[in-house]
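Student: The residues making up each chain are set out below.
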Amino acid sequence: MIPELGNFALILALCLSLVLAIFPMVGSLNNTPGWMAMARPAAWGQFFFTALSFACLVNAFLTNDFSVHYVALHGNTQLPIIYKISAVWGAHEGSLLLWALILSGWTVAVSRLSRKLPIEVVARVLSVMGMVAIGFMSFMLFTSNPFDRRFPVPLEGGDLNPLLQDFGLAIHPPMLYMGYVGLSVAFSFAIAALIGGKLDAAWARWSRPWTTVAWVFLTIGITLGSWWAYYELGWGGWWFWDPVENASFMPWLAATALIHSLAVTEKRGAFKRWTVLLALLAFSLSLLGTFLVRSGVLTSVHSFAADPARGLFILIFLCIVIGGSLALYAWRAPAVSSGGGFDLFSRETLLLGNNLLLIVITAFILLGTLAPLIYDAMGWGKISVGFPWFSAMFVIFTPFLALLMGIGPLARWKRQDPADLARQLRIALLLSLGAGILLALPLLHEGSLSAGLAVALSVWLVSTQFLSLRQRLKYRKGLTGLLRDLGSRGSGSYYGMLVAHFGIAVFIIGITFVTQFDVEKDVRMSPGQSLELAGHTFTFEGVEVVPGPNYSAHQGSIRVYKDGDEVALLQPQKRTYLVQTKPMTEAGIDAGFTRDIYVSLGEALGGGDWSLRLYYKPFVRWIWLGGILIAIGGLLAASDRRYRIKDLATEPAATTAAARKLASARSS
Amino acid sequence: MARYLVPLGIFLVLVAFLYRGLSLDPKLVPSPLVGKPMPAFTLTRLQDPNTTISDTDIKGKVAVLNIWATWCVSCRAEHGALLELAKTGKVDIYGLNYKDERAAAQQWLRQLGDPYVANAFDDTGRVGIDWGVYGAPETFVIDSQGIIRHKHVGPLTAEVINEQILPLVAKLQTSP
Amino acid sequence: MMKNFLTTLTILLVLGSGPLHATATLESFKFADAAAEQHFKDLIAELRCLVCQNQSLADSDAELAHDLRAEVYEMVQAGKSDEEIVEFLVARYGDFVLYKPPVKPSTYLLWFGPFALMLLAGVLLLRAVRRQKRSATAEISDADRKRLDDLLGERNSGEQKP
Numbered sequence: 014m015i016p017e018l019g020n021f022a023l024i025l026a027l028c029l030s031l032v033l034a035i036f037p038m039v040g041s042l043n044n045t046p047g048w049m050a051m052a053r054p055a056a057w058g059q060f061f062f063t064a065l066s067f068a069c070l071v072n073a074f075l076t077n078d079f080s081v082h083y084v085a086l087h088g089n090t091q092l093p094i095i096y097k098i099s100a101v102w103g104a105h106e107g108s109l110l111l112w113a114l115i116l117s118g119w120t121v122a123v124s125r126l127s128r129k130l131p132i133e134v135v136a137r138v139l140s141v142m143g144m145v146a147i148g149f150m151s152f153m154l155f156t157s158n159p160f161d162r163r164f165p166v167p168l169e170g171g172d173l174n175p176l177l178q179d180f181g182l183a184i185h186p187p188m189l190y191m192g193y194v195g196l197s198v199a200f201s202f203a204i205a206a207l208i209g210g211k212l213d214a215a216w217a218r219w220s221r222p223w224t225t226v227a228w229v230f231l232t233i234g235i236t237l238g239s240w241w242a243y244y245e246l247g248w249g250g251w252w253f254w255d256p257v258e259n260a261s262f263m264p265w266l267a268a269t270a271l272i273h274s275l276a277v278t279e280k281r282g283a284f285k286r287w288t289v290l291l292a293l294l295a296f297s298l299s300l301l302g303t304f305l306v307r308s309g310v311l312t313s314v315h316s317f318a319a320d321p322a323r324g325l326f327i328l329i330f331l332c333i334v335i336g337g338s339l340a341l342y343a344w345r346a347p348a349v350s351s352g353g354g355f356d357l358f359s360r361e362t363l364l365l366g367n368n369l370l371l372i373v374i375t376a377f378i379l380l381g382t383l384a385p386l387i388y389d390a391m392g393w394g395k396i397s398v399g400f401p402w403f404s405a406m407f408v409i410f411t412p413f414l415a416l417l418m419g420i421g422p423l424a425r426w427k428r429q430d431p432a433d434l435a436r437q438l439r440i441a442l443l444l445s446l447g448a449g450i451l452l453a454l455p456l457l458h459e460g461s462l463s464a465g466l467a468v469a470l471s472v473w474l475v476s477t478q479f480l481s482l483r484q485r486l487k488y489r490k491g492l493t494g495l496l497r498d499l500g501s502r503g504s505g506s507y508y509g510m511l512v513a514h515f516g517i518a519v520f521i522i523g524i525t526f527v528t529q530f531d532v533e534k535d536v537r538m539s540p541g542q543s544l545e546l547a548g549h550t551f552t553f554e555g556v557e558v559v560p561g562p563n564y565s566a567h568q569g570s571i572r573v574y575k576d577g578d579e580v581a582l583l584q585p586q587k588r589t590y591l592v593q594t595k596p597m598t599e600a601g602i603d604a605g606f607t608r609d610i611y612v613s614l615g616e617a618l619g620g621g622d623w624s625l626r627l628y629y630k631p632f633v634r635w636i637w638l639g640g641i642l643i644a645i646g647g648l649l650a651a652s653d654r655r656y657r658i659k660d661l662a663t664e665p666a667a668t669t670a671a672a673r674k675l676a677s678a679r680s681s
Numbered sequence: 090m091a092r093y094l095v096p097l098g099i100f101l102v103l104v105a106f107l108y109r110g111l112s113l114d115p116k117l118v119p120s121p122l123v124g125k126p127m128p129a130f131t132l133t134r135l136q137d138p139n140t141t142i143s144d145t146d147i148k149g150k151v152a153v154l155n156i157w158a159t160w161c162v163s164c165r166a167e168h169g170a171l172l173e174l175a176k177t178g179k180v181d182i183y184g185l186n187y188k189d190e191r192a193a194a195q196q197w198l199r200q201l202g203d204p205y206v207a208n209a210f211d212d213t214g215r216v217g218i219d220w221g222v223y224g225a226p227e228t229f230v231i232d233s234q235g236i237i238r239h240k241h242v243g244p245l246t247a248e249v250i251n252e253q254i255l256p257l258v259a260k261l262q263t264s265p
Numbered sequence: 003m004m005k006n007f008l009t010t011l012t013i014l015l016v017l018g019s020g021p022l023h024a025t026a027t028l029e030s031f032k033f034a035d036a037a038a039e040q041h042f043k044d045l046i047a048e049l050r051c052l053v054c055q056n057q058s059l060a061d062s063d064a065e066l067a068h069d070l071r072a073e074v075y076e077m078v079q080a081g082k083s084d085e086e087i088v089e090f091l092v093a094r095y096g097d098f099v100l101y102k103p104p105v106k107p108s109t110y111l112l113w114f115g116p117f118a119l120m121l122l123a124g125v126l127l128l129r130a131v132r133r134q135k136r137s138a139t140a141e142i143s144d145a146d147r148k149r150l151d152d153l154l155g156e157r158n159s160g161e162q163k164p
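Protein chains in written order, with the working numbering: chain A, 14 to 681; chain B, 90 to 265; chain C, 3 to 164.
Please keep in mind that the hints were generated in silico from the structure rather than gathered at the bench.
Don't take each hint at face value.
Quick list of in silico lysine-lysine cross-link-like pairs, DSS-like style, CA-CA up to 25 Å [stated by the list, open to error]: (1) Lys116/B / Lys395/A; (2) Lys534/A / Lys32/C; (3) Lys395/A / Lys240/B; (4) Lys395/A / Lys32/C; (5) Lys106/C / Lys125/B; (6) Lys102/C / Lys82/C; (7) Lys129/A / Lys280/A; (8) Lys106/C / Lys116/B; (9) Lys211/A / Lys82/C; (10) Lys116/B / Lys32/C; (11) Lys43/C / Lys534/A; (12) Lys150/B / Lys116/B; (13) Lys148/C / Lys395/A; (14) Lys595/A / Lys116/B; (15) Lys427/A / Lys487/A; (16) Lys125/B / Lys176/B; (17) Lys125/B / Lys148/C; (18) Lys116/B / Lys176/B; (19) Lys82/C / Lys534/A; (20) Lys395/A / Lys125/B; (21) Lys32/C / Lys82/C; (22) Lys395/A / Lys211/A; (23) Lys150/B / Lys240/B.
Construct all of the structure, not just a fragment, from the sequences and the given hints.
Tutor: As structure tokens, then:
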């Protein structure tokens, strides 16, 4: 009964999406207030029924209803409750329902928080979001219905993939989807602006907090995924340039370019066409990621499904949404006026350069990801493009980004005297070069010029941010000055920027140091045997069998000593889950601020001996610490007082009306 | 003004590739050995460990080489099709028993039928690597000069045999 | 025991075509020194497993990966160069086995594409900045200018009110 209710609710949600997509949009074009007013109620209705449908699927898992095919495949009576819930989005059909739920959630949020926006804008924005929802709901209802029944009903479910039975991985998809879907808000605002022909600072100001929040979620989602891979997969890696990882990284890069571009459009009225295009691009990349994960076009660890028939459906959906939006762009963008002018040397140019660089990086990641497909399709042979290529390219291009990140905040808007800027930057340059050389010199015999470069770039970033802060606080001296500045309008975005850029510095140190200086050893050890590695002593104490709620594990004990003192007792496991009997490792990790010690259990070699892999990973936590700092920076920026709802309303009426007049005159 | 169409243009090119990609298999590894002489090898025969079989024994007539093992589920599935092919008598089928146990393999053939003219026993899998095996079963078509002309990865079916293997064999036999 | 071990692995291989991330793959190969061991590890990390195609030869637990690792180890011990080892594998499996695509005319697009894009971006940047600088000064039409003057006039008179 309840699955049928879930299915029916989904159908109703689709109907409401249709209403939402059509009536308010048409109403906005014909200036029919009644139809435009349907947007908000339709959005709420869509959310209500999607949530109901989702609740029904959750219920099916919690009650072990194996007559539902999806539950029979991925559920299990022995599954702990938290994983019964996360199993809902653990595979293809359910994850689509999560997508739809989050999308309808954001739609309602936009509907709720847009009271002060003109009704035709709200109508258009919500309509576009409704159009996206139609795609996902119909995809589910026609090709991937989570509520399909099966008969005969199995007595037990197939169990959730053991790899997914982990808290980090349970929340990783929701975080990512919050990001992907959130970018649809910027997308919808851009479409609305293109249709209405009004691309002004107000549009940028409305879009900015939504985009920033979506970007924060995406940052958290990617950071979580990387951290999970590290502690779960047992081989100490944290990024593999897997096609689906790239599919999440590309929207992030585009969204980063977008938030910088929106800042310029809001402040200076420049880059309007760029910003619109980036808004379209960011969400398009999200949708492309959806296609790549589910169509089987690329081999990936993360593939939800490899079904060309479903792939075709998504591809058609992509053509409609992305193709349609880009066609709209081609048609309406030329009429968009340019904003404030700026010199060749100015903050605007630096930011434009920054955005272009981010897009170049996005483009080559796309190139590398799709290259096997392109080469195969063109008959140029079958190649693989893996981490050596991606790493090489990434390491070449990212330093330029870090350089720009340092210069940008110090440059003036509109016109910056290069000599003056160079003078300001002198000290930062000296500090960074000095630090880099100081570090690289003693380590040169280990060939770690990269570490020196990483330190130089990080010191560059930190020192330039401090220089910028000093400049900002020139007339607000001392601690009181700082506190007053923190409370002022516009401080959110500024300090958000500082924190986020600082996070990048931390991130650079993390990835470079762990790549250059990590130590790894594969060994065979007997109980009681000790081994030296990276200044630590590892003593293997043996393996015992330990039961778990739905698995049985071999658990090893390894004591780690440094200078005679015990540092950690590591207990890596090798689990065999009761249903899906694939063996799975849980690494034993001693986490530290400056290093991780990591042990994973291999195979029993007879006589109590086991093969083990021992790792010493310096600064690896800085990778995710950097990610968290970046996310915090984004939150600070989004919480800027300028975006508070009541503040958005208090634009003087005269300037708004005049601006509208000019804008409409220009775009006609 | 045309520059505003560039993003759309790039997207359409991308869609064309993605569409093409839907009908391709990213997991399939084409063999670089096609068009090259078959790898040289000398192994004991499966049925008689005291005698050997080499690539030179296969050369001289158009032949089919099938890589198989008893632990391979798909090999079991294709065995019927192989027997049918053997029955047609149109081409000699040689086998490469890959990383298997001699007794088990012999037993298997006794039970299920033996379509092979001869079987090479590759217990270490070293010869299999020379042939570029990555997923048994794999089947090669070799011409009378000993040049590999075609590789099929995965189990043979009646369809594959009738549409790909036999026509190629016929062609090679008439015009070497 | 070894046979049992191998048989179990290969059954897993056949049944589970998904990635066997799970077990750390650990043969204890012996090396002359740490540098040689690292060199071997770096080499196999850049090769792709053909069975578990989402893992490198270093990480994959597939039987074929075990065999290929042993092959590479033997070749390394025999003093073969990296090029020779790569050539050996490519001759049998094609370029697919390399995570780092070879640099040859057909892959120039891949290796030089990013730099070409970078140049293109630089050119676009310069053109965009120059173009908007030009238009920013000359764009306002007469009708607009009049309208602007009127508006500013309104506002000024509004502000001058005591």
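Student: Hint by hint, which ones does this structure get wrong, listed from lowest number up?
Tutor: Failing hints, ascending: 4, 9, 10, 12, 13, 16, 17, 18 and 22.
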